[in-house]
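Trainee: Take the sequences, apply the hints, and build the full model.
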Amino acid sequence: MKAIIIHERGDAEVLHYKTFPTPKPIANEVLVKVHAATVNHTDIFHRSGRFFIQKSLPHILGMDVAGEIVELGAGVRDWQIGDRIVATFEALGRERNGAYAEYTTFPINQLHRIPDGLSYIDAASIGLAFTTAWIALFYNGVLKQAERIVIHAASSGVGTSAIQIAINRP
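Numbering (this note's numbering), first residue to last: 24 to 193.
These are calculated hints, taken from the structure and not from any lab test.
It cannot be assumed that every hint is accurate.
[Stated by the list, open to error] Using 25 Å as the maximum straight-line C-alpha spacing, the simulated PhoX-like pairs for lysine-lysine come out as follows:
| no. | residue 1 | residue 2 |
| --- | --- | --- |
| 1 | K41 | K25 |
| 2 | K25 | K47 |
| 3 | K78 | K25 |
| 4 | K41 | K56 |
Mentor: This is how it looks when you write it as structure tokens:
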């Protein structure tokens, strides 16, 4: 498969488009054909070496993925080949390659079905940005119903996600 790989830390010039072995799903994982992936600050921090956890090299970046299941690992029961999924890699999780590739594997407990009518691109854009905004608003900010808030940097992915959550909050 083709993938964007880093062999060293640095600026964008360390990204290389190369052939890389297609991963195989282990027990309770699926192989996903990637249709869309995002570029997040976490990817930039991993690439540059500024993230507090260093992934081993070579490494394929890409935190958010939307795609189609093409192979099931042992023990997978509630998913089928052809299912449309969206997922976000754990930035702090186990060592694994990301979504800047034609294929990636993913644990089934981190998959979500893409609703009918939602594109792969739109689905991929939800994960990390909305999770970060939710944590900032409700865990760190302890936002309550009927409180007013100011959202700085509202043009960023997290900022625009925070606006949507604030408008439609529970």
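Trainee: Each hint should be assessed against the structure and marked as holding or not.
Mentor: Checked hints:
1. Between K41 and K25 the CA atoms are separated by roughly 6 Å; this keeps the pair inside 25 Å, and the hint holds.
2. A C-alpha spacing of about 15 Å is found between K25 and K47, which places the hinted pair at or below 25 Å, so the restraint holds.
3. Taking the CA atoms of K78 and K25, the gap is about 20 Å. The hint holds against a cut of 25 Å.
4. A distance of roughly 17 Å separates the Cα atoms of K41 and K56; the hinted pair therefore holds under the 25 Å criterion.
Checked against the numbered hints above, the structure breaks none of them.
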